[in-house]
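Trainee: Please arrange chain R on chain Y, whose structure you already have, making use of the hints.
So the sequence lines, in the order shown, correspond to chains Y and R.
Quick note: the first sequence uses numbering that gives the first Met the number 0, first residue 0, plus one each step.
Quick note: the second sequence uses numbering that gives the first Met the number 0, first residue 0, plus one each step.
Some hints could be false.
Since the list can't tell identical chains apart, any single copy or any two copies may satisfy a pair.
Pairs of lysine-lysine residues, derived as BS3-like cross-links and limited to a Cα-Cα distance of at most 25 angstroms, are as follows [stated by the list, open to error]:
| id | residue 1 | residue 2 |
| --- | --- | --- |
| 1 | Lys215 | Lys30 |
| 2 | Lys30 | Lys137 |
| 3 | Lys7 | Lys161 |
| 4 | Lys74 | Lys137 |
| 5 | Lys215 | Lys87 |
| 6 | Lys164 | Lys207 |
Rather than coming from a laboratory, the hints here were simulated on the basis of the structure.
Listed here are the chains, written in short residue letters.
Protein chains: 2
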Amino acid sequence: MLSKNQIKLIKSLGQKKNRQQLGLFTVEGIKGINEFLDSDFELESLFTTELIFDTSANKTNEISEIELKKVSSLKNPNTALAIFKIPKPVQPSNDGLIVVLDDVRDPGNLGTIIRLCDWYGVEDLVCSKATVDCYNSKVVQATMGSLTRVNVVYLDLEDYLKSQKNSFGTFMSGENIYTTNLPETGVVILGNEANGISENIKSMVERKITIPQFGKNQTTESLNVANATAIILSEFKRRTIEK
Amino acid sequence: MLSKNQIKLIKSLGQKKNRQQLGLFTVEGIKGINEFLDSDFELESLFTTELIFDTSANKTNEISEIELKKVSSLKNPNTALAIFKIPKPVQPSNDGLIVVLDDVRDPGNLGTIIRLCDWYGVEDLVCSKATVDCYNSKVVQATMGSLTRVNVVYLDLEDYLKSQKNSFGTFMSGENIYTTNLPETGVVILGNEANGISENIKSMVERKITIPQFGKNQTTESLNVANATAIILSEFKRRTIEK
Numbered sequence: 000m001l002s003k004n005q006i007k008l009i010k011s012l013g014q015k016k017n018r019q020q021l022g023l024f025t026v027e028g029i030k031g032i033n034e035f036l037d038s039d040f041e042l043e044s045l046f047t048t049e050l051i052f053d054t055s056a057n058k059t060n061e062i063s064e065i066e067l068k069k070v071s072s073l074k075n076p077n078t079a080l081a082i083f084k085i086p087k088p089v090q091p092s093n094d095g096l097i098v099v100l101d102d103v104r105d106p107g108n109l110g111t112i113i114r115l116c117d118w119y120g121v122e123d124l125v126c127s128k129a130t131v132d133c134y135n136s137k138v139v140q141a142t143m144g145s146l147t148r149v150n151v152v153y154l155d156l157e158d159y160l161k162s163q164k165n166s167f168g169t170f171m172s173g174e175n176i177y178t179t180n181l182p183e184t185g186v187v188i189l190g191n192e193a194n195g196i197s198e199n200i201k202s203m204v205e206r207k208i209t210i211p212q213f214g215k216n217q218t219t220e221s222l223n224v225a226n227a228t229a230i231i232l233s234e235f236k237r238r239t240i241e242k
Numbered sequence: 000m001l002s003k004n005q006i007k008l009i010k011s012l013g014q015k016k017n018r019q020q021l022g023l024f025t026v027e028g029i030k031g032i033n034e035f036l037d038s039d040f041e042l043e044s045l046f047t048t049e050l051i052f053d054t055s056a057n058k059t060n061e062i063s064e065i066e067l068k069k070v071s072s073l074k075n076p077n078t079a080l081a082i083f084k085i086p087k088p089v090q091p092s093n094d095g096l097i098v099v100l101d102d103v104r105d106p107g108n109l110g111t112i113i114r115l116c117d118w119y120g121v122e123d124l125v126c127s128k129a130t131v132d133c134y135n136s137k138v139v140q141a142t143m144g145s146l147t148r149v150n151v152v153y154l155d156l157e158d159y160l161k162s163q164k165n166s167f168g169t170f171m172s173g174e175n176i177y178t179t180n181l182p183e184t185g186v187v188i189l190g191n192e193a194n195g196i197s198e199n200i201k202s203m204v205e206r207k208i209t210i211p212q213f214g215k216n217q218t219t220e221s222l223n224v225a226n227a228t229a230i231i232l233s234e235f236k237r238r239t240i241e242k
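So that you can see chain Y by itself, here it is in the shape it has in the complex (with noise of 0.2 angstroms):
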């Protein structure tokens, strides 16, 4: 049974200020759920039409298909709904390459980007202020359970970036990826799908990177964000495996 302090508190989740403020968020399907209550991640409850997860019985609740329906964020609901507590901020490790966003909204952007950071072993990824929620309910499903694994952070990064030492951003023109040096630790920025990196962050930035155009045509297009973090990401990973 689903009560109607439950639907309200679930449908209100699905706006980042009411998230923000009870330090909530959900997440639908066996999978991704599983994913979740196998991490660090604490569970607040659980709305399932089938007992198949591994949750206390206080924190479990069986509803119908029907009600599922009614606050899924799904076209096809799956099985089940969950709603996970939003862990404490950790302030990102100063080792490793870390990956910063700046002002990316599209939230399948996003998260792929997550879900490329855990693939290439990238543990922290800081994100500007105005960069897409993490916990927004897109994110979370297209991260496929990646959020688990990659610590998400979201700074003011002028603040953050007079901090750091080897930073490089992706501009459409920029030393060559595949012909320059790249160290084991450092940031890389990647922009806003319209706008690309903004005007001061671009300043304090200390190499400028691109992507070469291959092939007799040069268009003015720029590659998707998403894809040109998976370029980059390939191209500094390749480089510890040479060594």
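Mentor: Using the frame of chain Y, we list chain R on its own:
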């Protein structure tokens, strides 16, 4: 003015079978339409709220914002919608790097992959018959004009691959893409979002390649197919610089 028949025609082009029967597809927005007008694609008719395009008068229809909204597939229609003719399929060349998609279903993924082919100078993209139609409006939108510069062909993959040498398939395990030898000419096969490369195609792959995971997290998820394409094209193409 938009006639009832014109509205009916435009709406009918939302379906693949109608696009194929009529040999027509739609493009929306100023930038996208201009990319197609500047290419070898042939304009059938243009519907626009502003007469800002370099098109012949008998193919140009001035319409109102309200009329555009009625036929647009976008939430926020952008000035114009054009109908172009689907060109005759061109057989892929047997030179250079060719990307092959085995049942990629998501329009955003196909659009992004076409954009990546354009960026990396891949001239031919061979798709299985079950791969999403490249003239689907969401694909056209996601390609950002790259569809005018990449030859997309739908073929029976088993037939096609019989005559191909140097075929590479992407799998969760295989030769490490970063350390294995990669030729300049060959075909790279990427599989369906959920199921990867199908069984019958798998047996035709000469070399299985993989993008290794880094760091301590070993996720069971694979990378998104568009990101995998980005990383693989990046690896194949950077080798051509070093030579």
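Trainee: Against each hint, give a clear statement of whether it holds in the structure.
Mentor: The hints, checked one at a time:
no.	hint	verdict
1	Lys215 - Lys30	between (44 angstroms within a copy, 21 angstroms between copies)
2	Lys30 - Lys137	within (15 angstroms within a copy, 28 angstroms between copies)
3	Lys7 - Lys161	neither (42 angstroms within a copy, 58 angstroms between copies)
4	Lys74 - Lys137	both (12 angstroms within a copy, 18 angstroms between copies)
5	Lys215 - Lys87	between (50 angstroms within a copy, 22 angstroms between copies)
6	Lys164 - Lys207	within (14 angstroms within a copy, 39 angstroms between copies)
Going through the hint list in order, the structure does not satisfy hint 3, though it satisfies all others.
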